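> Sequence:
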Amino acid sequence: MIPYGRQSITESDIQAVVDVLRSDYLTQGPVVPAFENHIANYCGAKHAVAVNSATSALHIACLALGVGPGDIVWTTPITFVASANCALYCGADIDFVDIDPDTYNLSIECLTQKLEIAEKQGKLPKVVIPVHLCGQSCDMASIFALSQKYGFKIIEDASHAIGGRYKGEPIGNCKYSDITVFSFHPVKIITTGEGGMALTNQPELANDMQRLRSHGITRNPEEMTHAPDGSWYYQQISLGFNYRMTDIQAALGLSQVQRLDEFVTKRHDIAKQYNLFLENLPVLKPWQHPDSYSALHLYVIRLKLDDLNKTHKEIFEEIRQENIGVNLHYIPVYRQPYYSQLGYNKNDYPEAEKYYREAISIPMYADLSAPLQDQVKEKLKFILK
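Numbering (numbering that gives the first Met the number 0), first residue to last: 0 to 384.
Derived by calculation from the structure, the hints in this document are not laboratory data.
Computed from a prediction, not measured in an experiment: that's the story for all the values here.
Hints may contain errors.
Stated by the list, open to error - Each computed DSBU-like pair below joins lysine-lysine, with the alpha-carbon atoms no more than 30 Å apart:
1) LYS345 with LYS376
2) LYS45 with LYS174
3) LYS271 with LYS380
4) LYS119 with LYS380
5) LYS380 with LYS303
6) LYS148 with LYS122
7) LYS265 with LYS174
8) LYS309 with LYS345
9) LYS119 with LYS45
10) LYS166 with LYS353
11) LYS284 with LYS353
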């Protein structure tokens, strides 16, 4: 089966991991900070904190921003559940903002309206988590302007978006946010097997997240309650977690990031071929905002069901039966059983509902060869004719 996404591993990646396996440090050695520094420099951020998943990065980002019981966090419903779960981990409440019909990202119009209502009700969010779906940046300048007016903090969930750009600058520079989170899952742009990273320009947030990823422990005497008992001494000064990335993972990531721009360029080449091919088929192609250069983690088509004599489900299953590993990104979070019991009304999110009825992610990854892409196109044309 041709998957919707997959990792690209070379001999140099393998050798980088082997070198660590033969070294003195497998976990907390020199490669993790080297990987952090490389990503921070690439993105133009001052600090980077590597962790074992983007979910962990979202969690400690919320904690570093002081999210807790009684607080409210907003995000988009069209995302993986981790973008919402991170608020619940902190004891906060989560709510959703409907999506833009063109970019499928969080709608600025809906966000503005929701903030106006929330201000009157005294229920403004403490944090808003815009998600850069498929690798295309949200309208961060507008979200930042709203944050200045209404006083909320911003965590960019850029799990799909490393290597992308917004207004000509790298996603991850935190120009319009407090913290940006990347994912290094195998289907993402680059991989560490499992892993994530949080970037920020604020040293106090970086320090808090570094401590939270490692049990809440510090070895810095300035943070301790009294002078160290000796050179061995450390203190747990907050409740943290074992969210650390290993040197093994970081070695793979440090090797992969050398090809990051190449990966994104290849994805754009593949997208251009899809765009030409889909021109005369009953689907909506992805739309790219002129302010954004997408990392193209996903290529999502939307079915023009009024022009087809099949249902969304029928088309999805027919494509799967042809060994094309399509997927759907994502089921609206509020539809999940855990969330539905919390009382969300799907009628509050008409664009998310419409998206869910029409969207299909077709294969998109850097090593998707022309012959394999031709197979995908051939099958799609047959099924959608």
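> A separate judgement is required for each hint: does it hold in the structure or not?
Evaluated hints:
no., hint, in the structure
1, LYS345 with LYS376, "violated, 34 Å"
2, LYS45 with LYS174, "holds, 11 Å"
3, LYS271 with LYS380, "holds, 17 Å"
4, LYS119 with LYS380, "violated, 51 Å"
5, LYS380 with LYS303, "holds, 14 Å"
6, LYS148 with LYS122, "holds, 15 Å"
7, LYS265 with LYS174, "holds, 27 Å"
8, LYS309 with LYS345, "holds, 24 Å"
9, LYS119 with LYS45, "violated, 37 Å"
10, LYS166 with LYS353, "holds, 29 Å"
11, LYS284 with LYS353, "holds, 15 Å"
Violation of the numbered hints given earlier is confined to hints 1, 4 and 9; the remaining hints are satisfied by the structure.
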